[in-house]
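Fit chain W to the known structure of chain G by using the hints.
Number of protein chains: 2
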Amino acid sequence: MSARATLCMLLLAGCAAQAPLALRDMGSFHVGGREVTLSGKPVKEVVFTPGGVPAKVDPNGTYLVEAMYVQYFLPANKRGALPLLMWHGGGLTGVTYETTPDGRDGWLNWFVKQGWDVYNSDAVERGRAGWAMYPDIFKSEPLFLPKDEPFGRFRMKGSQFPVEAYDNFVRQVVPRWTSTDDAIIAAYTELVDKVCPCAILFHSQAGQFGFKVAQARPDKVKALIAVEPAGQGDPKLVDRLKNIPTLFVYGDGIASDARWPTIRKNGVAFGDAIRAAGGKVEVVDLPNAGIRGNSHMLMMDRNNLEVAALIQRWLEQQGLYR
Amino acid sequence: MSARATLCMLLLAGCAAQAPLALRDMGSFHVGGREVTLSGKPVKEVVFTPGGVPAKVDPNGTYLVEAMYVQYFLPANKRGALPLLMWHGGGLTGVTYETTPDGRDGWLNWFVKQGWDVYNSDAVERGRAGWAMYPDIFKSEPLFLPKDEPFGRFRMKGSQFPVEAYDNFVRQVVPRWTSTDDAIIAAYTELVDKVCPCAILFHSQAGQFGFKVAQARPDKVKALIAVEPAGQGDPKLVDRLKNIPTLFVYGDGIASDARWPTIRKNGVAFGDAIRAAGGKVEVVDLPNAGIRGNSHMLMMDRNNLEVAALIQRWLEQQGLYR
Chain G
1075 MSARATLCML LLAGCAAQAP LALRDMGSFH VGGREVTLSG KPVKEVVFTP GGVPAKVDPN
1135 GTYLVEAMYV QYFLPANKRG ALPLLMWHGG GLTGVTYETT PDGRDGWLNW FVKQGWDVYN
1195 SDAVERGRAG WAMYPDIFKS EPLFLPKDEP FGRFRMKGSQ FPVEAYDNFV RQVVPRWTST
1255 DDAIIAAYTE LVDKVCPCAI LFHSQAGQFG FKVAQARPDK VKALIAVEPA GQGDPKLVDR
1315 LKNIPTLFVY GDGIASDARW PTIRKNGVAF GDAIRAAGGK VEVVDLPNAG IRGNSHMLMM
1375 DRNNLEVAAL IQRWLEQQGL YR
Chain W
1075 MSARATLCML LLAGCAAQAP LALRDMGSFH VGGREVTLSG KPVKEVVFTP GGVPAKVDPN
1135 GTYLVEAMYV QYFLPANKRG ALPLLMWHGG GLTGVTYETT PDGRDGWLNW FVKQGWDVYN
1195 SDAVERGRAG WAMYPDIFKS EPLFLPKDEP FGRFRMKGSQ FPVEAYDNFV RQVVPRWTST
1255 DDAIIAAYTE LVDKVCPCAI LFHSQAGQFG FKVAQARPDK VKALIAVEPA GQGDPKLVDR
1315 LKNIPTLFVY GDGIASDARW PTIRKNGVAF GDAIRAAGGK VEVVDLPNAG IRGNSHMLMM
1375 DRNNLEVAAL IQRWLEQQGL YR
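Going down the list, the sequences are from chains G and W.
Residue 1396 is where the first sequence ends in my numbering, and the numbering goes up by one at each step.
Residue 1396 is where the second sequence ends in my numbering, and the numbering goes up by one at each step.
Just chain G, same shape as in the assembly (with noise of 0.2 Å):
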C-alpha cells in the first residue's frame, strides 16, 4: 500500500464516526444450490417483450435451483473479530435488516457502523435468491399474505413498531414456502462453509435455521444471536452447541398473545437444554431490560437501534469486539 493510500486508510478509520459509511468493499454472491432435470414438457415460443423477436424456450433439461443470495458490507475501520451474518424471518428477505419502513437506519447500516463485516442474505425461494417451479421441484404450493394478516400475528397493536409505514413493511414480504427448510438449511450450510468462523443473528422461521446450521457446523460458529426465535434445532444434538454463546432476545406483549407464549417458552426450553449440557446461554426479554414495547420486527421498531446496542454490548462481552 502505498504512503498515500496508508494515510487516508488511517485517516477514514479515524473519521469513520463521522464518515456515515466508510467501506473498504462491498459486493454480493450466490452460493449453494443444486441440479434438477425436467422432462416431458412441451416447448414453448415465448416474446419476452412486446413487438420483440419471438424465442422458442425448451423447459425441458436442467434447471440449478435453491442457491441463496447473499450481499456484504466490509468497513474500513473494522472492529469486530468475525463476519456478522444476518438471516431473516419467514416471508421476508434481507430487505429486514436494510432501512426501517419509515425510513431510519436498520440493524444492517448501523452494525456495519459498529464496524462489523456484515453479510445480509436472502435464503433460499426469497428475493434475490429465486424461487423454483412447483410442484415439480418444490413440493407445496408458495403461501402469500393479505396486508393486515401479519400485523396480529407480529404483534404490531400498541407497539414501538412505526404503524404509519406499515403499509411499506407489508412491501417488503414475499411469497414462502412452508416445504422448503431442508434447502434452505442446505443453502445456509454451505454459506457458513464459505464466509465463517463467524457470527450469526437470526429472527422468527430463522431459528431453526441458525440453530441447526450450528449443530451442522459447531466449529464454525463462534455465536449466536436468536431474535425472537419461531423455530428451534434439533434437541438430540445441543450438546454440539454448548461452546457457541448464545444470546436469545424476545419483545414486548408475549404474555398477551395467543401464540407467542408457547413460542417462547420452547425457544426457551431448547436454551435451557443447550446450558444443561455445558453452554453458556442468555436470554433476554427485553421488558425485563427496560426496553418496552417491541413489536416480533424488533429490526424495525423506534427503538430498534436500542436493541442493536444490548447485542452490541452481549458480543462485547463475548470477546468478539475489538
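Be aware that a few hints might be false.
Which copy is meant is left open, because identical chains are indistinguishable; a pair holds if it fits in one copy or across any two.
Claimed, not checked - Think about it this way: if two alpha-carbon atoms lie no more than 30 Å apart in a straight line, the pair counts; the simulated DSSO-like pairs of lysine-lysine are:
#, residue 1, residue 2
1, Lys-1339, Lys-1115
2, Lys-1213, Lys-1187
3, Lys-1118, Lys-1213
4, Lys-1221, Lys-1231
Since the hints were made in silico from the structure, they are not lab data.
These figures come from a predicted structure and were not determined experimentally.
The following block gives chain W in isolation, referenced to the frame of chain G:
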C-alpha cells in the same frame, strides 16, 4: 456540521479514490404497488415452522401487490449531477449490476466510485420486489429458464463473458412473467417521481420500460443509456424524448445471431425516430469503438469496466458530471 465533521468530509472526499467506497449514506425502500381484494378462498391452518404453533391464515382479504424494491448508494464525494438509476433485464434483478459472477466489481460499485448516486432496483415480480398470486392477480404463468438456455440467447459463446462462472450467473436468474409490463412501468414511473430528475441506464427487457417511463415523465429524465435494449418506447410519442440525450450501446456477435440483428435494427430505428423528432441520439456498436467480444451481459463481461468508462465519458459529454 462541526469543524471535525467538515474536515473528515474533506479528507474523505480527497481519499475517495483510495478509500474503496466512502458513502454518505446507503439504504433501500419499496415504491409503488396497488391493492387487490380476493374472496371466496378457504382458510388454511399453517404450521410455519416444524414443531411451531399452528396459525390460521385466511387468504381472503386485501393484498398489496406490484411494488418494487430499490437500493441506493450515495458516495461521500458526489460528482454526478443527478442520480443514476440502473434497471435490469428480464428474468434478472438488480444483482445484474453488483459483483460479477466471477467476483469482480460490477457497474454499481464502479459508478458509485466515480461519484454517482446510484439507485439499483428489482422490478415488480423480481427479487426483493416480491410477486403476486397467479392467475388471481398476475394473469399468466411464470417462465423458468433451464440453466443452458440463456447461454445462446445472450451470445456468450466465444465472448468476453466469464464462462467459467456461468453457473453463478444462472444462480442470479429468477422466474419472470410476460404479462406484467404495465405493472412494472407503473412502479418505475413512481420511482422516477420519487427520486428524479435523473439519468436512467437500462438493459434488455428494460428497453421498453426506460423509454416508456421517459415518455411518461419527459421533464424528469435527463439522460437515457439503453444497453442492448430488447424493446422500445411508443413510436407515436418519440417527440417526448427529443430533449433527453440518449445513448444506445450494443455488444459484439450480433450479425451472426438469429435474433439480435432484428432486435438491434428495431432499437436503432427507434433512435432514428427520436433524432428525426429533434432529439440527440448516439448509437455505439462497441466493436466499432474498438471494444470487442461483448456478450448481451456487457456489465459482467471481462471488459465490463471498459464499457462503463465509455458510458461515463458520454455522461460527461452531456454535462452531467462535475
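Against the structure, the hints come out as follows:
Neither within a single protomer nor between protomers do Lys-1339 and Lys-1115 lie at most 30 Å apart by alpha-carbon distance, with minima of 48 Å and 33 Å respectively. Taking identical chains as interchangeable, the C-alpha atoms of Lys-1213 and Lys-1187 are never at most 30 Å apart, the minima being 41 Å within one chain and 44 Å between chains. For a Cα distance limit of 30 Å, the shortest separation of Lys-1118 from Lys-1213 qualifies both inside one copy, at 24 Å, and across copies, at 17 Å. Taking the shortest alpha-carbon separations for Lys-1221 and Lys-1231, only the intra-copy value of 14 Å comes in at or below 30 Å, while the best inter-copy value is 46 Å.
When each numbered hint is compared with the structure, violations occur for hints 1 and 2.
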